[in-house]
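Using the sequences provided together with the hints, build the complete structure.
Number of protein chains: 2
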Amino acid sequence: MYFHIFVEMNWEKKHITIHDIARELKISASTVSRALNNNPRISAATRDMVQKLAAAHGYQPNVMASSLRKGRGNTVGVIVPNINRSFFSNIIGGIEEKLSGAGFNLMICQSNESLDKEKEALQTLMHARVDGIMMSLSMETQDYAHLEKLLNRGIRMVFFDRVPDTLAVDGVVIDDHAAAFRITTALIEKGYRHPAHVGGSGKINVYRQRKSGYLDALKSSGSQVIASHITETDMTRQGGRKAFREIMQSDPRPDAFICAGDLAAHGVLLEALKNHFRVPEDIAVSGFANEEFTPHITPPLTSVDQKGLEMGRQAASLFLEQEATNDGSRIVIEPEVLFRLSTQKEITLRTE
Amino acid sequence: MYFHIFVEMNWEKKHITIHDIARELKISASTVSRALNNNPRISAATRDMVQKLAAAHGYQPNVMASSLRKGRGNTVGVIVPNINRSFFSNIIGGIEEKLSGAGFNLMICQSNESLDKEKEALQTLMHARVDGIMMSLSMETQDYAHLEKLLNRGIRMVFFDRVPDTLAVDGVVIDDHAAAFRITTALIEKGYRHPAHVGGSGKINVYRQRKSGYLDALKSSGSQVIASHITETDMTRQGGRKAFREIMQSDPRPDAFICAGDLAAHGVLLEALKNHFRVPEDIAVSGFANEEFTPHITPPLTSVDQKGLEMGRQAASLFLEQEATNDGSRIVIEPEVLFRLSTQKEITLRTE
DNA sequence: CTGAAAGCGCTTACAG
DNA sequence: CTGAAAGCGCTTACAG
Numbered sequence: 000m001y002f003h004i005f006v007e008m009n010w011e012k013k014h015i016t017i018h019d020i021a022r023e024l025k026i027s028a029s030t031v032s033r034a035l036n037n038n039p040r041i042s043a044a045t046r047d048m049v050q051k052l053a054a055a056h057g058y059q060p061n062v063m064a065s066s067l068r069k070g071r072g073n074t075v076g077v078i079v080p081n082i083n084r085s086f087f088s089n090i091i092g093g094i095e096e097k098l099s100g101a102g103f104n105l106m107i108c109q110s111n112e113s114l115d116k117e118k119e120a121l122q123t124l125m126h127a128r129v130d131g132i133m134m135s136l137s138m139e140t141q142d143y144a145h146l147e148k149l150l151n152r153g154i155r156m157v158f159f160d161r162v163p164d165t166l167a168v169d170g171v172v173i174d175d176h177a178a179a180f181r182i183t184t185a186l187i188e189k190g191y192r193h194p195a196h197v198g199g200s201g202k203i204n205v206y207r208q209r210k211s212g213y214l215d216a217l218k219s220s221g222s223q224v225i226a227s228h229i230t231e232t233d234m235t236r237q238g239g240r241k242a243f244r245e246i247m248q249s250d251p252r253p254d255a256f257i258c259a260g261d262l263a264a265h266g267v268l269l270e271a272l273k274n275h276f277r278v279p280e281d282i283a284v285s286g287f288a289n290e291e292f293t294p295h296i297t298p299p300l301t302s303v304d305q306k307g308l309e310m311g312r313q314a315a316s317l318f319l320e321q322e323a324t325n326d327g328s329r330i331v332i333e334p335e336v337l338f339r340l341s342t343q344k345e346i347t348l349r350t351e
Numbered sequence: 000m001y002f003h004i005f006v007e008m009n010w011e012k013k014h015i016t017i018h019d020i021a022r023e024l025k026i027s028a029s030t031v032s033r034a035l036n037n038n039p040r041i042s043a044a045t046r047d048m049v050q051k052l053a054a055a056h057g058y059q060p061n062v063m064a065s066s067l068r069k070g071r072g073n074t075v076g077v078i079v080p081n082i083n084r085s086f087f088s089n090i091i092g093g094i095e096e097k098l099s100g101a102g103f104n105l106m107i108c109q110s111n112e113s114l115d116k117e118k119e120a121l122q123t124l125m126h127a128r129v130d131g132i133m134m135s136l137s138m139e140t141q142d143y144a145h146l147e148k149l150l151n152r153g154i155r156m157v158f159f160d161r162v163p164d165t166l167a168v169d170g171v172v173i174d175d176h177a178a179a180f181r182i183t184t185a186l187i188e189k190g191y192r193h194p195a196h197v198g199g200s201g202k203i204n205v206y207r208q209r210k211s212g213y214l215d216a217l218k219s220s221g222s223q224v225i226a227s228h229i230t231e232t233d234m235t236r237q238g239g240r241k242a243f244r245e246i247m248q249s250d251p252r253p254d255a256f257i258c259a260g261d262l263a264a265h266g267v268l269l270e271a272l273k274n275h276f277r278v279p280e281d282i283a284v285s286g287f288a289n290e291e292f293t294p295h296i297t298p299p300l301t302s303v304d305q306k307g308l309e310m311g312r313q314a315a316s317l318f319l320e321q322e323a324t325n326d327g328s329r330i331v332i333e334p335e336v337l338f339r340l341s342t343q344k345e346i347t348l349r350t351e
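If you read the protein sequences in the order shown, they are chains A and B.
Under numbering that gives the first Met the number 0, the residues of the first sequence are numbered 0 to 351, in order.
Under numbering that gives the first Met the number 0, the residues of the second sequence are numbered 0 to 351, in order.
Note that these hints are calculated values from the structure, not bench results.
Hints may contain errors.
Where chains are identical, the list cannot tell them apart; a pair therefore holds if satisfied intra-copy or between any two copies.
Here are the simulated SDA-like pairs of lysine to any residue, each with C-alpha atoms no more than 20 Å apart in a straight line [claimed, not checked]:
id, residue 1, residue 2
1, Lys202, Leu114
2, Lys118, Ser99
3, Lys118, Gly100
4, Lys202, Pro163
5, Lys118, Gly102
6, Lys116, Ser99
7, Lys273, Pro298
8, Lys118, Ala54
9, Lys273, Pro299
10, Lys273, Ile296
11, Lys273, Leu340
12, Lys51, Ser29
13, Lys116, Leu308
14, Lys118, Leu105
15, Lys118, Arg155
16, Lys116, Gly92
17, Lys51, Ile41
18, Lys148, Ile15
19, Lys189, Ser222
20, Lys116, Gly102
21, Lys118, Asn81
22, Lys97, Ile82
23, Lys116, Leu105
24, Lys189, Val224
25, Lys118, Gly92
26, Lys241, Thr230
27, Lys148, Ala54
28, Lys116, Gly100
Okay, structure coming up:
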């Protein structure tokens with residue numbers, strides 16, 4: 000009786016190995032290993048026999064052992080600025096979807112927009128012997144020496160959204176320029192005369208793209224570029240409020256704010272309302288990223304769907320297809336502009 | 000020359016092992032291993048010598064090898080309903096902070112509030128041979144058989160926020176009852192006569208607690224409990240809108256809505272405004288979870304800070320202290336109610 | 001098609 | 001205080 004219980008507990012606790020299966024089937028562990036891995040040199044009969052017994056015992060390969068032996072762990076590291084922004088968590092969802100199908104696990108790190116934390120995360124991931132790294136740069140990351148070092152060591156890397164522009168690395172981005180261009184053009188067509196631009200740091204590629212999309216739209220519609228209508232800010236609500244106050248000093252005053260981020264756009268919006276401007280009648284506001292809150296504020300905020308899920312999937316595919324070298328291929332995804340009430344000039348007049 | 004280059008490349012590519020260090024120092028690999036792990040039986044002199052050389056070479060232990068040998072991987076699995084809710088991402092932040100200090104890595108999975116995905120995640124984590132699991136139940140999880148199985152196998156588990164109430168497991172929760180009690184009491188004191196309650200599924204512990212906090216507050220303030228003022232909904236904006244319409248049918252009408260979630264509260268708020276009620280003058284609305292958007296909508300929404308970071312830290316500490324068995328200890332954290340404009344009755348009268 | 005053997009890099013009784 | 005040896009569970013040339 001006691002013995003029985005003891006055996007049962009062992010059943011529960013002890014993991015079954017290929018040797019257990021081999022012994023039971025009176026074949027070698029090598030054969031079991033091959034059968035389990037669908038090695039073509041194994042007869043169909045033994046393969047099926049092995050796989051059946053393995054399934055019956057609920058055999059699970061010890062990933063540490065196989066990783067150690069194979070020299071790679073089937074894990075990929077992911078670094079995002081922040082996990083709780085819907086854009087990035089969607090990307091992670093897309094990556095996970097593709098990669099877990101291919102048998103990879105994810106190790107997720109946050110840089111919190113800090114270069115030091117980014118380096119730290121890289122450190123951790125290399126330490127964990129990941130098979131590759133998928134990441135988006137932190138805002139602070141201007142210099143790519145730490146990334147080059149890894150690339151030179153032959154580490155597989157794929158970047159998404161925020162890509163080191165001077166490095167020939169694989170990456171997937173959205174067409175930021177097109178999104179900003181489309182918004183700006185649309186607002187001009189709706190009758191807004193002087194769209195302003197609240198951008199992010201010019202050191203960051205995506206923000207440069209958004210700004211140049213805005214500028215090109217002004218030019219191609221024959222509008223004047225007014226220097227005092229263009230500013231840079233950190234992408235916070237506070238930054239947006241400040242940007243609004245500053246830009247509204249200028250003459251002529253703008254009647255639209257194309258913002259490179261949703262938080263800044265929301266700041267602009269709140270400050271505009273606070274100063275008794277009507278949105279969208281007097282002033283239009285648009286953001287970027289389609290954060291969860293954007294459709295639910297008053298008025299709902301025009302923004303850009305950056306296709307995070309899609310981006311994650313594509314980045315993962317790129318990673319899977321990637322050969323030993325990064326050859327600098329770029330996938331560009333079309334963003335979708337979501338026009339909402341905050342840019343809908345004179346809607347009441349429409350019904351006439 | 001060529002040879003030199005070859006050597007250099009090897010330097011970059013090949014990971015250095017304890018044997019390399021042993022050879023260079025003319026000692027055994029055992030000693031190197033012990034020195035690196037600060038084994039007290041090693042002389043200070045050799046320890047320092049080894050550690051110095053290891054540092055100089057940038058030695059990094061192969062975690063797969065040590066995991067395989069030790070039979071555990073220094074990884075803990077984390078399952079949350081959803082990674083992009085600020086509450087849960089804060090919890091993850093707290094867990095990471097404590098656990099990475101103790102040398103653990105995190106494997107993060109999302110259940111998406113689905114029991115099936117929760118089981119799948121558990122499967123994945125066991126497969127990866129994690130040393131333990133920290134999790135919050137999915138909304139769908141009513142039956143705990145899958146968890147009991149793991150517990151019986153001796154898997155270390157710590158739960159946070161949504162804890163299986165019939166199992167004697169370690170967990171950390173907030174005092175949901177107290178938060179709901181405090182809000183309800185405060186609203187009654189502010190002059191709201193008939194607070195209604197928009198709750199979540201009664202099958203879930205946290206929602207039961209919030210409801211009973213509401214009920215107890217009514218009782219202790221001598222208010223009447225009106226059955227038609229109490230409803231259950233999924234915690235979406237749509238659910239909140241529907242709940243508002245339903246409850247407003249009843250007689251007497253409520254003049255306040257204590258909601259068990261922020262999205263539902265926002266739905267209530269939007270529907271109230273749409274129907275030309277003034278918030279907070281005619282109707283007060285409060286939420287739960289202090290989601291990012293709550294301070295920024297109009298009017299700002301009273302909500303409850305669930306102390307995610309703190310909860311994550313405490314859960315991680317519990318995990319680290321935990322002996323082989325789950326003994327069912329519960330840590331209860333005090334939430335903080337953040338009163339905002341949405342529950343601020345007759346603020347204009349205040350100034351008289 | 002199958003097996004015996006070596007080895008991935010570490011840790012840890014065992015011995016001294 | 002240190003070393004030789006075994007072994008964690010797998011994979012994979014090598015041999016047949």
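| Which hint numbers doesn't this structure obey? | Violated hints: none; all satisfied.
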